[in-house]
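Q: Positions 1 to 251 (UniProt numbering) are the ones given, in order, by the sequence shown.
Because the hints were derived from the structure by calculation, they are not lab data.
Careful: at least some of the hints might be erroneous.
[To be verified] Below, a list of computed lysine-lysine pairs in the DSBU-like style, where the Cα atoms sit at most 35 Å apart:
{"no.": "1", "residue 1": "LYS215", "residue 2": "LYS88"}
{"no.": "2", "residue 1": "LYS88", "residue 2": "LYS77"}
{"no.": "3", "residue 1": "LYS77", "residue 2": "LYS21"}
{"no.": "4", "residue 1": "LYS215", "residue 2": "LYS77"}
{"no.": "5", "residue 1": "LYS77", "residue 2": "LYS136"}
Treat the numbers as computed from the prediction; the structure is a model and nothing was measured.
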Amino acid sequence: MTNSPDTAFGVYIHWPFCLSKCPYCDFNSHVRHAPIDEERFARAFAREIETTAARTPGREVSSIFLGGGTPSLMQPKTVGAILDAIGKHWRIAPDAEISLEANPTSVEATRFRGYRAAGVNRVSLGVQALDDASLKALGRLHSAREAMDAVAIARSVFDRYSFDLIYARPDQTPAMWEAELRQAIGQAAEHLSLYQLTIEAETPFFALHRAGKLKIPDEATARVLYDVTQDVCAELGLPSYEISNHARPGA
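Start from the sequences, fold in the hints, and give me the full structure.
A: This is the structure:
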């Protein structure tokens, strides 16, 4: 990455804590039941930002993404402190997209309004499925109803929002996925992230799959599911702009 002062760049902040570890997840995320000292973490982020900014002076930030883990477990004041630290050391573009990942279990209108007041202007919700049986199989803590309620809250608080779904799930057929996808697009505004389930090493799903206790769609069916994804999204106005992400043109 060039260090020209005229070169804009994005900042990623990783909050590694979750309420539970999903069986398909190989991300750097950790279950922590004890209270987290958020002020201490905010200070640590501020030090890291200051150190990095000293190496990249005069730069402009075009986007900020708070991922995880589950960043929506942070209090809004913690998010605000992190964003303030970024703004202290770099220029933040007036049109910068400042996104925060959230799980439906940690969504409430007051918290979302707090994030918006702190500077967040977009949320991305980890919905993953729209039926309770699939959510349970994926190890998710929320219900389908809670997921749709969370989307409604996001819609009421933010001008921009997105949510994720996972497809090629155990026993999922192309017809089932098409119906679910059409339902999801009916709730989407500008953006959807649609990820094909992959079996990652050293996850519970990997062990179950290797033992023959977890059956996922074969390669041919997975290809059909991918084609359904592309065709339905294009038909309904959310074509892909990369392999897993779909957006309305101009969004």
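Q: Evaluate each hint against the coordinates.
A: Status of the hints after comparison with the structure:
1. LYS215 / LYS88: violated, 50 Å
2. LYS88 / LYS77: holds, 16 Å
3. LYS77 / LYS21: holds, 25 Å
4. LYS215 / LYS77: Not satisfied, since the Cα-Cα distance of roughly 43 Å exceeds 35 Å.
5. LYS77 / LYS136: holds, 32 Å
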